[in-house]
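Construct all of the structure, not just a fragment, from the sequences and the given hints.
Residue numbers (the working numbering), protein chains in the order written: chain X, 1 to 204; chain Z, 1 to 192; chain V, 1 to 321; chain C, 1 to 442.
Honestly, the hints are just simulated from the structure, not real lab data. Treat the numbers as computed from the prediction; the structure is a model and nothing was measured. Cβ coordinates follow ideal geometry from the N, Cα and C atoms, glycine included. A couple of the hints might just be wrong.
To be verified - Now the in silico label distances, taken between C-beta atoms and shown as ranges:
no., chain 1, residue 1, chain 2, residue 2, range
1, C, W16, V, V234, 30 to 38 Å
2, C, P157, V, L318, 21 to 29 Å
3, Z, K93, X, E116, 21 to 29 Å
What the hints assert, rightly or not - Below, simulated EDC-like cross-link-like pairs (lysine to aspartate or glutamate); rule was C-alpha separation at most 16 Å, straight line:
no., chain 1, residue 1, chain 2, residue 2
4, V, K80, C, E349
5, V, K75, C, D371
6, V, K319, C, D94
7, V, K319, C, E405
8, V, K319, C, D409
9, V, K31, C, D380
10, Z, K157, C, D371
11, V, K314, C, E405
12, V, K314, C, E349
13, Z, K34, C, D402
14, C, K318, C, E349
15, V, K81, C, E369
16, V, K31, C, D371
17, C, K158, C, D268
18, V, K314, C, D380
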Amino acid sequence: MSGFAKEFKKGIVISNPVFVLALSLCPVLAVTNTLDKAIGMSGAFALVIIASNLIISLMRKMIPDIVRILVFIIIIATFVSIVEMLFQAYIPTIYSALGIYLSLLAVNCLILGRAEAFASKNKVSDSLADALGMSIGFCLALILISFFRELLGKGGITIFGNELFTLPVLGDHPISVFGMSIGAFLVMGLLVAFFKWIGVIKDV
Amino acid sequence: MSELFSIFIGLALINNIVLVQFLGLCPVLGVSKKLGPAVNMGLAVTLVIFISSALAWLANNYILVPLQAEYLHLIIYLLIIGSMVQILEILLKRTNEKLYKSFGLYLALIATNCAVIGVLLLNANESYNFIESLVAALGAGAGFTLVMALMSGIREKLELSNIPKAMKGLPVIFITAALLALAFSGFAGMLF
Amino acid sequence: MAKIKKDNLNVTGEEMLNSPAPHIHSKWSVKRTMYLVILALMFPTAASIYFFGLNAILVILTSVLAAVATEYLIKLVRKKKFVMDGSAVITGLLLALTLPPTLPLWIAALGSIFAIAIVKEAFGGLGHNIFNPALAGRAFIQLSFPAPMSVWIAPSGFAPDAVTSASPLSDAFKQIGDNFELYMDLLLGNTSGSLGETSALLLLAGGIFLIILRIIDWRTPLAFIGTMAILSLVLGQDAVYQVLSGGLMIGAFFMATDYVTAPLTRTGKIIFGAGAGVLTIVIRLWGGMPEGVCYAILLMNAAAPLIDRYTQPKPYGLKKK
Amino acid sequence: MKNNILKPKYRGIPQWFKIPEHKLTATNAIQTLPLPDRVVIPLHQHIGPPSYPVIKIGDTVLTGQKIGDSNEFRCVPVHATISGKVTDIISFKDVVRNKEQQAIVIESDGKDKWIDLQTVDDPESLSNEEIIFKIREAGIVGMGGAIYPAHLKLTLPKNGRLETLILNGCECEPYVTADHRVMLEYGEEVISGLKIITKLISPDNIFIAIEDNKPDAIEHLTGIVEKSSLDGRVTIVPIKLKYPIGARELLVKAVLNKEVPFSGRCRDISVLVHNVSTAKAIHDAVIEGRPFIEEVITVGGGVNNPQNLLIRVGTPVKNLIEYCGGKNVNVNQIVLGGPMMGSAITDLETPVTKGTRCLLLKNTKVKAEQDCIHCGNCLDACSMRLNPSLLAKYSQSGRYDDCGEAYIDDCIECGVCTYVCPANIPITQYIKTAKQQLSLME
Chain X
1 MSGFAKEFKK GIVISNPVFV LALSLCPVLA VTNTLDKAIG MSGAFALVII ASNLIISLMR
61 KMIPDIVRIL VFIIIIATFV SIVEMLFQAY IPTIYSALGI YLSLLAVNCL ILGRAEAFAS
121 KNKVSDSLAD ALGMSIGFCL ALILISFFRE LLGKGGITIF GNELFTLPVL GDHPISVFGM
181 SIGAFLVMGL LVAFFKWIGV IKDV
Chain Z
1 MSELFSIFIG LALINNIVLV QFLGLCPVLG VSKKLGPAVN MGLAVTLVIF ISSALAWLAN
61 NYILVPLQAE YLHLIIYLLI IGSMVQILEI LLKRTNEKLY KSFGLYLALI ATNCAVIGVL
121 LLNANESYNF IESLVAALGA GAGFTLVMAL MSGIREKLEL SNIPKAMKGL PVIFITAALL
181 ALAFSGFAGM LF
Chain V
1 MAKIKKDNLN VTGEEMLNSP APHIHSKWSV KRTMYLVILA LMFPTAASIY FFGLNAILVI
61 LTSVLAAVAT EYLIKLVRKK KFVMDGSAVI TGLLLALTLP PTLPLWIAAL GSIFAIAIVK
121 EAFGGLGHNI FNPALAGRAF IQLSFPAPMS VWIAPSGFAP DAVTSASPLS DAFKQIGDNF
181 ELYMDLLLGN TSGSLGETSA LLLLAGGIFL IILRIIDWRT PLAFIGTMAI LSLVLGQDAV
241 YQVLSGGLMI GAFFMATDYV TAPLTRTGKI IFGAGAGVLT IVIRLWGGMP EGVCYAILLM
301 NAAAPLIDRY TQPKPYGLKK K
Chain C
1 MKNNILKPKY RGIPQWFKIP EHKLTATNAI QTLPLPDRVV IPLHQHIGPP SYPVIKIGDT
61 VLTGQKIGDS NEFRCVPVHA TISGKVTDII SFKDVVRNKE QQAIVIESDG KDKWIDLQTV
121 DDPESLSNEE IIFKIREAGI VGMGGAIYPA HLKLTLPKNG RLETLILNGC ECEPYVTADH
181 RVMLEYGEEV ISGLKIITKL ISPDNIFIAI EDNKPDAIEH LTGIVEKSSL DGRVTIVPIK
241 LKYPIGAREL LVKAVLNKEV PFSGRCRDIS VLVHNVSTAK AIHDAVIEGR PFIEEVITVG
301 GGVNNPQNLL IRVGTPVKNL IEYCGGKNVN VNQIVLGGPM MGSAITDLET PVTKGTRCLL
361 LKNTKVKAEQ DCIHCGNCLD ACSMRLNPSL LAKYSQSGRY DDCGEAYIDD CIECGVCTYV
421 CPANIPITQY IKTAKQQLSL ME
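Next comes the structure, spelled out in structure tokens:
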């Protein structure tokens, strides 16, 4: 089980997919203006990466080397399509808020990267741990970024319609830039800088 | 005519594909260290977006819609892009060795570039007609190339700057992107 | 082989300074340049205080103090020496001059903090920033707080009853008055608008002061204002009005000439000014933003490294290829 | 026939960067420095391969006797500048060329006994080869700062000729007045040297370029030319004084409105530039048979009594300062050469070598280097139209190849960029470092 724990931990801290590897940034930045969207995206991401890692790891001996990337893409795209349909059916508000970025999970470098670098070479349990670790790391990063963006860009935090709290001055005059793409780049840049500064992230 | 112009300006400047829609960020972070490669990448992406937009529109309107299989559009688009990149690579290699050498490396990367698939999905979402799709593709390509060129110019300057240690690398590029997006916000609400 | 003996080398025993050539230096220094710019900025600052009274003083003080304090804190965190070279004061002052007089002070401070911390110091401080800090700060708060950023009051000096009125660039204002009076008001500054954007004449005076002292190059403002004037005529606009109103004067003389963020070369400066002129008129006529100068300069800032790259002078003796 | 006066075509760096002249010693007649007790004569005082000692420690030498030479054609010999005994051959740190080299120490016997001098009355009686041999044997190097062996410049390329000769009387460095005094006091010798050069290369056009702040020198030389056989062939060009107009690249531009090709030489556009003091040395060598052992140097700045001195090569700096009344209290830097291009020395025993035109004592405040603010001053001031700030930044970050691509070879190291830099960045120093690194890479 130590192997499982190791792979699990790796995804959350040591090579956090978002902050350290700087992979799959387009969903990260696009959907983090509210916590709701970030959580929705994290869920979709987890479903797709776990399912595709599982399938690819199971099929790893069957897939011919020469077309493996194509096969991975088709497997991932299939799962993305399934998740899309699930979201559309059960949580339509989040589905429409996520827009094309949900479909874009299909070309997510992170999912494809894990499939190619890990799942296609390792046994099922390790691949599953890897996928779980990556999902949680991804989820934590998204929640962190969206927390700051929503706090500053909306002046308070609201989760699924429940208002948690509102800031005194910013509640009336939120710094709406943080809800825009500028805020996404800004928060992302400052967070990575902060992690580098306190030494969590080493220079790559 | 003005509608087409609005679509072009919309994707190139107002809702810049990179700075506002976050599409194609990986090459902006990865291949923008030097101007030459950055612009080549931009042009290659523009070419791929343009051709695959045309193919995707045809596939969508003549295959998927009649068959009522729109849920398959993601997979179809990916197949179109993948095979097109492959064909382009072979064609370039056969016809123009020099161009292949300057483009070839990036072509493979483009297959998974979210800018390409993103534009196809946007076209489908907005249900643009054929011409509109092509103009949107050109606008997106122009916006992408512009940001690549500006970013590489800035990064060449940053190479010689005394950036704080914690800011070096990714953080300063993100901040630059943020400020670039701030500058581009001047185009917001532009109407012709 | 013996070396020359050290003990009889120096007659007086004093240590002589060993520094590289050249051994003389001009009067130019960063501090001198910065303080001369501040001096030139005193013209529009005085005008803003004359026209907007206490409001102006408060906004300017807040913005400048926030800028200097932010720079000081960041140098402290980075364990670098804080030098009062005046650049933070310029940023704070320039930012304040682009703000409306009634802006809540905390917003002005926020703009200053953003300008110094993110736009300037994150890139390594003076000399390393890509974008003009004051303008980026203004764009930041303009985008975040569009409502308080577009409250304009008529100039009333220290009188307490401020009346909101239309900004010169808003459409409502364009209808009023006979042209000559409007021009005179714009020239003298007797209009509503941002703190420092009111009096074109005093901005011009400050700018010419800097040009005479060779602190700024005449090419940038001339290309900027010239392009604006010509394009206005071509597009059937009132050229005098387009040139005198809004932030063009302060932008052309004080923002577009910012050393750090503008091109180095002379040709580059002309291209920079002309490009900013074109973008300003495009944003003014077709854009959704009330004023284009700020964004035009920021966009040209982004292009400045590329402009520099393609306008390097041809070195002496180099044959054209 | 009257010699025409030409208007210069290039006016140097912009007016607002003009460097103060400080030519305080322009009216001080040249004084001869008393012979030193001891001279230190470096063996490598020119551009080209070094020379080697031809005497041994303990030998007795006469003034003007050759003490160092080598078989290399591009090498020039060095001579004893006083009579006496060779006491030592030491290792010597040459600050001007920033390298370690050998130097011969001679203790004076106080008699200044010369070797036999072969005088020639009419240079026309000698063949060109004989003259060039005499110039080489006399150890003459260019006095304009480049210390390039004079005989090499005077040897015509095979089947080629040099169409234009420019005699350089521009002395643009602040403080320095040595050439100015040479033109006034040794005008006849200068023109005689010019005649010899003219005989050697028979140019179509001869120009004498003198800065317009020396009207007396212009007048004096014009008078001598009019009385000489060169009358009618010479054009006098008064040049507007703006540092670094005396550099040959810029002088060619000012006089002929032509540019020396990139990383080329004046010779490539069929031009020869010679300094007035070199012309005088050529006269001394050919007509009077005297080797190059004396030169005129300005001692300026923080001495009690600034002077133009005629000194023997190898005299320690200390002697010059003492003769000029000692240094002022606040002096903290001694510069061998002009204030713009000279090298600071920390050792008062440092000998004055061939081609040194100035000894400057000054008070320098070292200012801390700040970050570049992109003001563009250096770009506007650079006469060679380079981008010094970029070169300095490339050099700072060790990107020497990029320096090469930014045309660093064009830099003449005049120091103007550093002079005008508001951020006190030692741009010239960075450029020199990069050039050194680039030459090491080759």
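So, against the hints stated earlier in the document, which numbers end up violated here? Those not satisfied are hints 4, 6, 9 and 12.
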